[in-house]
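Start from the sequences, fold in the hints, and give me the full structure.
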Amino acid sequence: MLELRSVNRVPSAGGGFINTGWCVGGAFNNNSRNLRAAYRNNNHPDNRNNNIGFRVVVSTDFDVRKPRRVRLARRDEERPNLVLAAPLVGAGEDQRPRALVRLARGHLFHRAEMTSRLDDVVSWENLLLAYRMAARGKRGRIDVAAFDHRLEDHLFTLQDEILAGTYRPGAYRSFHIHEPKHRLIFAAPFRDRVVHHALCQVIEPGFERTFAPWSFANRVGKGTHRALDRAQRLSRRYPFVLQCDIRQFFPSLDHALLLDALQRQIADPRLFSLVTLIVASGEGVLSGEYVMTYFAGDDLFAARPVTEGVPFLGFVVDPWRRRLKGRKVIARRRFVRLAARWHTGEASTEEVAASVRGWINHVRYGNTVGLRKAVLGDVRLTSRATMAGGSR
Amino acid sequence: MAQEMPIFVRTFDLLSWLLPMTDHFPRSHRHSATRRLLDAAFDLREHLEEANARKAAQRLESLTNADVALCRLRLYLRLASRWHWLSLSQYEHGSRMVSEVGRLLGGWQKATRA
Chain P
122 MLELRSVNRV PSAGGGFINT GWCVGGAFNN NSRNLRAAYR NNNHPDNRNN
172 NIGFRVVVST DFDVRKPRRV RLARRDEERP NLVLAAPLVG AGEDQRPRAL
222 VRLARGHLFH RAEMTSRLDD VVSWENLLLA YRMAARGKRG RIDVAAFDHR
272 LEDHLFTLQD EILAGTYRPG AYRSFHIHEP KHRLIFAAPF RDRVVHHALC
322 QVIEPGFERT FAPWSFANRV GKGTHRALDR AQRLSRRYPF VLQCDIRQFF
372 PSLDHALLLD ALQRQIADPR LFSLVTLIVA SGEGVLSGEY VMTYFAGDDL
422 FAARPVTEGV PFLGFVVDPW RRRLKGRKVI ARRRFVRLAA RWHTGEASTE
472 EVAASVRGWI NHVRYGNTVG LRKAVLGDVR LTSRATMAGG SR
Chain A
13 MAQEMPIFVR TFDLLSWLLP MTDHFPRSHR HSATRRLLDA AFDLREHLEE
63 ANARKAAQRL ESLTNADVAL CRLRLYLRLA SRWHWLSLSQ YEHGSRMVSE
113 VGRLLGGWQK ATRA
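Heads up: the protein sequence lines correspond to chains P and A, in order.
Count the first sequence with the numbering used here and you get residues 122 to 513, in order.
Count the second sequence with the numbering used here and you get residues 13 to 126, in order.
Hints may contain errors.
[Said to hold, decoys possible] So the derived label-pair ranges between C-beta atoms look like this: (1) A/His43 <-> P/Lys259: 33 to 39 Å; (2) P/Ser469 <-> A/Ala65: 55 to 61 Å; (3) P/Arg391 <-> A/Phe24: 33 to 39 Å; (4) P/Glu282 <-> A/Pro38: 34 to 40 Å; (5) A/Val80 <-> P/Glu282: 23 to 29 Å; (6) P/Asp269 <-> A/Met17: 30 to 36 Å; (7) P/Lys259 <-> A/Leu27: 33 to 39 Å; (8) A/Asp25 <-> P/Ala285: 20 to 26 Å; (9) P/His297 <-> A/Phe24: 52 to 58 Å; (10) P/Val400 <-> A/Arg47: 31 to 37 Å; (11) P/Ala285 <-> A/Lys67: 52 to 58 Å; (12) A/Ala68 <-> P/His297: 30 to 36 Å; (13) A/Asp25 <-> P/Arg257: 55 to 61 Å; (14) P/Asp269 <-> A/His43: 26 to 32 Å.
Simulated from the structure, these hints should not be mistaken for lab results.
Ideal Cβ positions, reconstructed from N, Cα and C, are used throughout, including at glycine.
Structure below.
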């Protein structure tokens, strides 16, 4: 069980004390028994409190290298969960609620103001670049092609609308994906995606500087494989892990506080109103899909020894080894089917090779030699011309 | 009638800007891409003059031809930019003029149909 290790008690102006300083674990509101999420106090599962939160344990060995600039940030990576976390230690009575946003503000948003301007966002050059980034790999899609057909006119329209303040984001489109697991995805209309890219091009560098280096989701030069490396290194330093995930992060975020934090970073009021519009357009997304899940087992949220292995981003990480999470069967089925389609001539050799190579390049980030042999070993492409790599 | 006149000013500006721009286009493509670009621009203006001289259905036909020429012009402008024959700001300037002409042309077509 995580314990309160040390707290600096400082007399407050109004009498009493304020707790300050860093603590490793601990509770600010309850005794340590109540810290376990499994400790439910006979509360109904729907019960909600505003005094619960958690804070990422800060370790000193984080990577301080500047993130490398890569031309295009991947935005569709699986969102890494927080690795090692401890319950939030409140700094004082007044700051107890809104723990989640406090986390975000404290770690992400409190640095120097930036100088990005709306004019940079809607510059011709930036809009063209944003279009190219948004359209990459999707130019065959109907909505993208329609935008492309009258590209210049669309960009001028966007430019005029944004500058005049009449730009309004469209409705999100929702669909399901089944791999790696069943998820409901919301996608903005293409023209809004162009605006998102245009905006990010301008404001991202400033934010990037202020992001915690151990945050890996949707960032240039980061990503799941580096997150895995980091998780494993941490697992060698710490004996226990408490895995946490902020469910429905965006919908549950207090938008007023988020915007307040953003406003400190974005000096140009016109740029800020564009950001406000985009944040507001995301409101309501997911809210209809809020599915209550009940905690099944009592120990689901208890801190566990890292040596048991931590399921993280599709792998199971323990201090000295990484294995693939139980997806072997799915992968195997996929390759067996692919081989069958290849035999009938439905799938081309290049297609098979690309699929196999893609899978190998992912799983080789774990200790998966045996798994690769087991999955691909007897998948053979024999009746047609043999190819390199396909039967490995 | 009078409210259709701006389109002639705009196309004139477009043409007078465009022709000197093509001076620097590669010689090897002078008789293919550059020629087609300029042809499209000249066709546009000529069809507009035709439309101005005609009435009703015939005018609409000329306007449609002008529209087609405008689409060709858009294509070659974008290609010229893609091949770096035009700088980004030149591309922006040209596209802005084309876009403006397109707006005016659309308005004229709508007025003729009505």
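Of the hints given before, which are not true for this structure?
Of the numbered hints, 10, 11, 12, 13 do not hold.
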